[in-house]
Amino acid sequence: MFFLLFTEREKLNQRFNSENLFNTDCLLVLFILFYFAIQSTFKMEQKEQYVNEIKAIRQMMEQSSRFLSLSGLSGIMIGFYAVVGAFLANYLIHNQVKPGSSLVSQLFLLAVAILILSLVTVVVLTYRKTIRDGHKIWNKGTRMLILNLTVPLISGGILISIFITRGFFETVAPAMLVFYGLALVNAAKFTRQEIYYMGLCQIIIGIIAALIPEYSLIFWALGFGAIHIIYGSIMHFRYDHNTKTKKS
Amino acid sequence: MKELFQQLNKAFDNKIRLGVMSVISVNRSATFNELKELLDLTDGNLASHIKKLEELDYITVHKSFFGRKPNTVYEITSEGRDAFELHLKALEAILNKQ
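Chains as they are written, first to last, in the working numbering: chain B, 2 to 249; chain X, 258 to 355.
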């Protein structure tokens with residue numbers, strides 16, 4: 002390209018007998034500038050096209066295999082339920098309110114109530130978010146997410162129930178944390194990556210809770226309460242918040 | 258640089274074929290209706306692109322019936338996976354060079 006330009010210039014110079022040297026040089030400079038301008042915009046456009054292509058591939062891969070509309074707000078809310086529940090449990094343990102029924106069955110009822118309330122909150126808020134995002138609720142990602150969550154959770158639930166009937170109460174809080182953490186780590190492949198790290202945190206807290214059984218209720222509140230609130234807010238501000246500002 | 262562009266697979270120039278390959282490469286398999294919904298396409302449009310991928314031996318088709326409804330399942334072949342990975346690598350290399 003440049004070689005051609007220079008030979009052209011030589012020819013032009015010869016033709017004009019170096020009288021119009023200034024003019025041909027000017028032309029050459031303009032021509033080079035023009036050439037680079039065209040080439041760089043062409044390159045930019047092509048680059049953008051490839052970036053868009055990769056974005057489209059990624060989006061398709063995620064949309065077809067993951068459930069991405071998990072509500073961060075519901076995580077924050079179930080975190081608060083857990084903290085309130087832990088305070089109530091602490092109160093029940095230290096002051097026997099109703100002498101008629103046993104402490105174990107009261108705590109069990111409390112735990113079941115928190116579980117049901119949390120499940121309803123997550124399902125309702127996530128359902129609303131999916132509708133708002135315009136996604137399908139029942140896709141491959143949802144099915145795999147639920148399947149991978151329930152297997153460790155149900156096996157853990159059965160094991161913990163057996164522990165309770167046998168009277169191994171100190172294993173309940175750590176086992177709940179560890180099984181919940183394993184369920185999250187297992188299911189994270191089918192939803193947002195944050196869930197994976199949340200699961201790891203729960204497992205670590207569960208193991209520490211097993212080492213220090215006298216504070217296991219505090220660790221339970223830390224795992225099910227604080228960790229949910231922290232990761233719920235991270236997901237809320239990372240995904241939900243953004244979409245809201247984009248739409249408005 | 259030119260060599261990199263030559264590594265891009267012509268079969269994946271089209272956005273729909275690229276979409277089908279992305280879905281099928283991540284999931285073990287996908288049905289015709291799943292692909293149609295995900296890519297937001299009409300029957301005929303998707304069928305013609307799938308036919309092309311089938312001719313290239315990048316995907317395989319299993320046809321069965323759910324009662325009376327036909328259920329067509331697509332899977333990626335090892336050739337298809339290699340071709341798609343090569344294409345992605347070439348795309349990546351081009352973007353890194355520029």
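I should point out that these hints are in silico values taken from the structure, not numbers from a laboratory.
Remember, it's a predicted structure, so these values are computed and weren't measured experimentally.
For glycine and all other residues, C-beta sits at the position ideal for the given N, C-alpha and C.
Possibly wrong hints are sitting among the right ones.
Calculated from the model, a selection of chain B residues having no Cβ within reach of chain X, i.e. all distances over 10 Å [as the list claims (entries may be wrong)]:
# : residue
1 : L29
2 : K130
3 : P214
Computed footprint of chain B on chain X, listed as stretches where at least three residues anywhere in the stretch have a Cβ under 8 Å from a Cβ of chain B [claimed, not checked]:
# : segment
4 : 268-279
5 : 326-337
6 : 343-353
A quick look at each hint next to the structure:
1. L29: For L29/B, whose nearest Cβ neighbour in chain X is about 26 Å away, the distance exceeds 10 Å, so it holds.
2. K130: About 19 Å separates K130/B from the closest Cβ of chain X, which puts it past 10 Å; holds.
3. P214: Check passes; 43 Å lies beyond 10 Å.
4. 268-279: Since three or more residues must qualify, the claim that chain B covers the segment 268-279 of chain X holds, with 4 doing so at under 8 Å.
5. 326-337: Violated, because only 0 residues of the segment 326-337 of chain X bring their Cβ atoms closer than 8 Å to Cβ atoms of chain B.
6. 343-353: It holds: at least three residues are needed, and the segment 343-353 of chain X offers 5 whose Cβ sits within less than 8 Å of chain B.
Checked against the numbered hints given earlier, this structure breaks only hint 5.
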